[in-house]
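Please model the complete structure; the sequences and the hints are all you need to start from.
Heads up: the protein sequence lines correspond to chains A and B, in order. If you want the working numbering, it's the 1-based position in the first sequence plus 1. If you want the working numbering, it's the 1-based position in the second sequence plus 184.
Simulated from the structure, these hints should not be mistaken for lab results. These numbers were taken from a predicted model, which means no experiment stands behind them. It is possible that some hints are incorrect.
Simulated restraints on C-beta separations [said to hold, decoys possible]:
1) Ala263(B) <-> Ala275(A): 42 to 48 Å
2) Ile293(B) <-> Asp316(A): 39 to 45 Å
3) Ala268(A) <-> Lys230(B): 38 to 44 Å
4) Ser226(B) <-> Asp193(A): 44 to 50 Å
5) Ala275(A) <-> Leu429(B): 34 to 40 Å
6) Asp193(A) <-> Tyr281(B): 33 to 39 Å
For glycine and all other residues, C-beta sits at the position ideal for the given N, C-alpha and C.
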Amino acid sequence: MREEKTRFDFNFAQLRVLRAFAVYLFCGAFLVSGCNKNTATDSSGAAAVQLTLDWKPEPEFGGFYAAKQDGAFSRHGLDVTLTPAGEGADTWQLVATGKTQFATSSADQVLIARKQNADVIAIFAVYQTFPQGIMVHQSRGFKTMGDVFTHDGVLLAEDNAWLHFLENKFAPVRVRITYYSGGVSEFLAKKDYSQQCFVTSEPILAKHQGGDPQTFLIADEGFNPYTTVVICKGDLWRAHPDEVRAMAAACREGWRDYLDQPDPVNATMHGLNADMDLQTFAEAAAAQKPLIETDQTRAAGLGTMTGDRWKDLADQLVKLGVIDSSVDPQQCFVNP
Amino acid sequence: MKTRRTIFSALWPPAIVLVAAVLAMHVAASVLNESFLLPRPSAVAKVMFDRRDELLASLWTTAEAALIGFFASGFGGIAVGMILSASPLVRRAIYPYTVFFQTVPIVAIAPLLMIWCGPGLAAVALSAFIVSVFPVIANTLSGLLSTDPALEDLFRLYGASRWARLWKLKLPMALPSIFTGLRVAAGLAVIGTVVGEFLVGLFGPGEGLGVRIVSAKKQGRTDEVFAAVLIASLLGLAMFAAINLAAKLMLRHWHASEQDN
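This is the structure:
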């Protein structure tokens with residue numbers, strides 16, 4: 002009589018495959034559970050959080066590296082991991098999806114995020130004056146920002162709100178616009194190229210490499226969002242206001258340290274970002290001081306923001322069609 | 185000759201899969217409820233309708249670059265394949281280096297492309313060419329070297345010149361392989377175009393699909409990202425279908441691959 006083969010009569014080879022599969026599933030379960038990114042406390046009781054930076058380690062983040070190096074974070078009970086995310090990462094999406102607790106972004110990005118129903122808020126603003134500009138070759142003989150847009154040539158820029166603002170202001174635009182991916186090498190290679198820049202870094206870098214840069218500040222044209230703002234989820238502010246206060250206070254101390262004594266922190270950042278030489282780090286740190294410390298911050302504290310500035314920005318973005326009027330600027334920030 | 189019944193039986197399985205996929209996407213998007221991560225299919229359809237003029241303009245821009253790159257790969261790849269098949273010495277010397285076309289990361293050479301040609305059509309079409317040329321070279325070469333030796337001997341016996349052997353025997357026999365290479369190159373040309381546009385595309389009215397994808401992503405408009413990606417895929421599909429049609433027309437009378445059994 003033939004033996005009945007039931008469904009579960011596996012032969013030896015099949016059993017080995019099943020066993021391997023079970024082992025992988027088991028290990029996979031451990032890996033997945035280890036990916037939990039909720040705020041945990043480390044062994045010393047400090048809250049372990051991540052601050053994701055939206056560019057490479059440069060003087061624009063000096064205060065954060067100072068807060069880590071000089072112990073400001075740990076004094077406020079925070080164990081912060083600084084993660085440079087590289088070019089133009091959409092950090093608000095990382096915060097909104099819980100991949101990171103804190104990140105740096107800009108005020109216009111926060112408004113765009115809130116339009117997409119992502120509940121992110123700004124808690125600390127490094128730059129009171131928008132530090133972005135457009136860098137051109139002096140040999141072109143441009144007198145104003147408008148000349149850049151109304152003459153032939155190529156402009157390397159990221160597709161951000163300020164670009165739409167300037168394209169609108171100087172329409173019709175003749176310059177050809179394409180992506181800016183960092184550095185100054187394309188700018189130096191071609192005389193008819195212009196590029197976006199942080200007025201405190203790329204022009205200095207270009208000059209050191211033999212270029213003849215001339216910079217126009219975007220804030221002078223009337224577009225002035227807070228920049229390098231620390232953001233977090235609105236939920237975090239409502240559920241753990243102390244943690245948010247601690248982060249803001251630690252950032253304030255770190256930036257105070259960096260403004261007073263940039264050199265040790267510059268050395269650390271240069272070790273992480275060799276694209277920029279130490280001399281440029283020092284010059285950039287000096288050049289950015291008036292953009293960070295103003296009369297308003299001397300009165301109210303480093304990093305504080307006002308509702309009027311947020312409202313002006315929101316109005317501008319509504320006019321450009323980037324957001325609609327349903328975004329409430331008062332909901333976008335706190336001064337913890 | 186396909187009857188109506190066979191056309192229907194060819195269409196309903198992929199149609200069922202499509203409906204299931206759209207439903208799954210709708211459910212996932214509703215559960216996730218973060219429109220900037222995964223949009224609902226209805227939102228994608230809406231933006232495709234609302235912005236149809238802009239998306240169509242983007243499609244023409246991308247298609248122009250993709251087709252230029254593809255035809256350059258096609259003609260260039262076949263020509264290089266023919267040259268390599270002619271001399272074993274040349275083949276051994278050059279063929280290994282053609283692989284560089286496949287392995288070079290476009291992200292790394294895009295700045296160079298931009299400096300040589302300026303941003304825009306030339307650089308993007310060049311990107312499409314670089315990414316799609318190698319399969320054409322490899323398949324053309326393989327097809328030309330696979331001629332039946334008995335048939336080659338037959339041609340030689342009849343006194344056919346080298347050129348006649350190439351034109352009347354080897355090339356026609358290689359056509360199925362060449363078409364395989366072209367099919368692969370079509371999809372790669374679209375990918376190369378879109379990636380090129382990510383890096384060196386021009387902003388502005390009529391900007392390509394790749395530029396639109398990056399802009400929309402920056403503004404959190406994921407429904408537009410999905411719409412642009414879908415349109416780019418359809419472009420690749422259209423090119424693929426066109427090549428299949430060409431293969432059918434050229435091979436249907438004499439090659440087994442295009443004859444219904």
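Taking the hints in turn, this is what the structure says about them:
1. Ala263(B) <-> Ala275(A): 42 to 48 Å: holds (44 Å)
2. Ile293(B) <-> Asp316(A): 39 to 45 Å: holds (43 Å)
3. Ala268(A) <-> Lys230(B): 38 to 44 Å: violated (53 Å)
4. Ser226(B) <-> Asp193(A): 44 to 50 Å: holds (46 Å)
5. Ala275(A) <-> Leu429(B): 34 to 40 Å: violated (54 Å)
6. Asp193(A) <-> Tyr281(B): 33 to 39 Å: holds (34 Å)
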